[in-house]
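Visitor: Here are the chains, one letter per residue:
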Amino acid sequence: MQMPPLDPAILARRSEIVAALRAIVPGEGVIDDLEGMRPYECDALSAYRQMPLVVVLPETVEQVSTILRYCQDNKVKVVPRGAGTSLSGGSMPVGDAILLGLGKFNRVLEIDYANRCARVQPGVTNLGISKAVEHEGFYYAPDPSSQIACSIGGNVAENSGGVHCLKYGLTTNNLLGIEMVLMTGEVVRLGGKHLDSEGYDLLGVMTGSEGLLGVVTEVTVRLLRKPTTARAVLLGFPTEAGAANCVAAVIASGIIPGGMEMMDKDAVKCAEAYVGAGYPLDAEGLLIVELDGPPVEVDYLVERVAEIARGRGATTVRVSNDEQERELFWAGRKAAFPAVGQITPDYMCLDGSVPRGRLVEVLAEMREMSKKHHLRVVNVFHAGDGNLHPLILFDANDADELHRAEEFGADILRLCVRVGGVLTGEHGVGIEKRDLMGVQFTEIDLDQQMRLKCAFDPDHLLNPGKVFPQLRRCAELGRVVVHHNKLPFPDIPRF
Amino acid sequence: MTSTIKPRSPEELRQAVEWALNEGTTLDVRGQGSKIALGKPMVCGQVLDLSGLSGVVDYAPEELVVTLRAGTPISEIEALLAQRNQMLAFEPPDLGPLLGREAGQGTLVGAVMGNLAGPRRLSAGAARDHLLGFSGVNGRGESFKSGGKVMKNVTGYDLSKLLAGSWGTLAVLDQVSVKVLPAPDQTRTLLLLGLDDATAVRAMCAALGSPHEVSGAAHLPGKTALRIEGVAPSVEARLTALRELLIETGARMEELGTLESRVFWREVRDVAPLKAPPDAVVWKISCPPTEGPAIVARIKALRPLAEAFYDWSGGLIWLALPPSVDADHAIVRGAIGVKGGHATLIRAPEAVRAAVPVFQPQPTALAALASRVKESFDPKRLFNPGRMS
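Chains as they are written, first to last, in my numbering: chain A, 1247 to 1741; chain B, 9 to 397.
Hints are computed from structural coordinates only; laboratory data are not their basis. The reader is advised that the hints may include incorrect statements.
[To be verified] Below, computed lysine-lysine pairings styled on DSSO-like, alpha-carbon distance capped at 27 Å:
no., chain 1, residue 1, chain 2, residue 2
1, B, Lys347, B, Lys14
2, B, Lys187, A, Lys1472
3, B, Lys187, A, Lys1413
4, A, Lys1377, B, Lys347
[Claimed, not checked] Going by beta-carbon spacing under 8 Å, a handful of chain B positions derived as facing chain A:
no., residue
5, Met159
6, Gly323
7, His350
Yeah, the Cβ is synthetic: ideal placement off N, Cα and C, and Gly gets one too.
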């Protein structure tokens, strides 16, 4: 993974930069020794590591503002970090950049049940929000599988998803407001407890901007009331195509399940061996469909889903009878990644999205690729919204296998784009898919995105080396070429 | 007399923009012009008419996505979706009659550009939440795209959010992909009669905070309405539960069936109660739901002839004021207070809209950032110049 070359001038000024940061954040908030910085050398994309220039852990918005202004004035790069659970290297350190950790921003500031929202600091975990309101029957809907550890600030940066997105939306659909600090140190509030923006929807742009535009210091999320009931249906099919067709049929019938997950035979086997969820081992494709709402609605929809599944050749149809059984059905799915980890030294987790109608074809082609690259692939995915998580099994100690796994992964993502999908559904581009951006976007598309970046961060100081395969200077991007009176008016109807 | 350019293809659209850039002229970008009376009045060199780029490109009901060209009328999309029992869940309002035009006009992209939303804003979101991707032309005369046709997509910045609500000032779109959803089997409405504003908003917040999945909560003078949608047995059960929950309000309760409900919520959506008199100034205020009644009370204390009704559980106030030279903008915005929110002047004579801020003024740092964002798309300010200023 090629990262931008380190700036020797910044490296030479390290002690001066550390001293300046200590003047802003006193005490233990600045970490500059190797031992202390070690925990920050990577995020959840742990194949790639780099030590930061220095780690700073501010506690107040004023400190964040002062740090960013100092960095802007001194042209020092900044990598923001929440809980460090990014799967795409979004918070991987850069050697000549300070690592700005928001972990100390861990307080729930206000819970407003009447207006159904909570105002929290960015370091609060995703699950922490739901825990804080569950006694009143509320929760925060997006539920990435890292929800026990990942921070809400990181969720904003990555526009995190989860298994319930199909019905309840992604992070972007569940945010009301943020406070953020720009590289200039200016503190800006977007949104609040009300809906929609008075001007451009910068809250929408910040969500999923992967830490390249600003540093989020406060988040207002929508709270939802928990559904009265939820039941899960386990559906086993003799073919993957049968399972995939069932997904389309359920949606075409007008049902939007709370969650609709698919696992292939290998994933089922691993998960079953790992947690014993009672999955049918003869199924080539397994679906878990969750329906939630009032009991009468859930019962009605469970019946309809079962009927649709039988019509599509399901050989197993099991409905959870109580909360314990529902959780057991999910336990296998939730443990699928570590379960696969039991049968391979390493695995690479991919994250592409495809139109649901192309699932069968994509799965078949992936099998062909598997043969070509001589590596196994296991599939676990959010079938309801076409978000694939193929796991490529390999051994990182074998350099050739690692290389083949990377090639295989890139082939799968290219396939996703070719069938009308995208490179990443919920994990982000980060460094992982950075060099594939050209597969999905033209140079003009990427230039337009970079110009937006320039509006926020004209010196490319925030989270450098991420998302964009090639950085172009803002001055160069900003030039407008005008051919005065050189073009005749084109042949377009006018009146 | 301003002339009109009407491209017939995405490439002709791109050429038209490039031509305008080179000529140093500006473009008044329109679909059907149904919302031209909304926003700051503009003086443009040319009208760029998108109605020549019309039609559905792709619709696969099981994908929950429709892809269409930018000039496609909203009525055409809604009719197509209805055939497959689907809908635009954000219920784009038809503001035509409110703005003194015929009903049934407007393009879907026009609704997206205004980030419009109807009563289902609370549960289904606004246009911003349904735009999955687009292609179009920036102010450099370059064709570009963003997003896609899939539900989950975090590849690159989410420019769809930015374009939704930009009132045509950032780029001219030629094609969009929009999320659609199944239409509910049944729609019924619980009416609570005779509640005052504050009690009504408390009742609506209690209903929204219940697990009964309320998909509309509006309060008109004397009448508070809660909408329940879905499959028949569920609708019945939730209505019963809701009646029990709200018994303590002491309000008399009535119910509207599916057909009556559709008419009722369409009127709320289209702001029909404030259509007349046609010379009244109309404001849209977005605020925290519980703040709604206090904001209206502050305005009524100074302007006793003000009329208002609430949608979004109190978080959306539609306000009508008697005609005035400045639309009473200082009073309206002053009433919002420190709890946050914003006011948009939806209907006023051109001279009034020219004189006062139509959109809520932003703090300096934010306004400067928004201006840099505008420049990053349209550096020569070709598109709808000044419409949002």
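Visitor: Each of the hints needs a verdict: does it hold here or not?
Guide: Here is what the structure says about each hint:
Among the hinted pairs, Lys347(B) with Lys14(B) is inconsistent with the structure: their alpha-carbon atoms are about 45 Å apart, more than 27 Å. This hinted pair checks out: Lys187(B) and Lys1472(A) have alpha carbons roughly 25 Å apart, not beyond 27 Å. This hinted pair checks out: Lys187(B) and Lys1413(A) have alpha carbons roughly 12 Å apart, not beyond 27 Å. Between Lys1377(A) and Lys347(B), the direct Cα distance comes to roughly 26 Å. Compliance with the 27 Å bound is thereby established for this hinted pair.
A hinted interface residue such as Met159(B) counts as satisfied when its beta carbon comes closer than 8 Å to some beta carbon of chain A; here the least separation is about 4 Å, so the hint holds. The interface hint given for Gly323(B) is met, as the beta carbon of that residue sits about 6 Å from the closest beta carbon of chain A, less than 8 Å. About 4 Å separates the beta-carbon of His350(B) from the nearest beta-carbon of chain A, less than 8 Å, and the hint is met.
Comparing the model with each earlier hint shows a violation of hint 1 alone; every other hint is respected.
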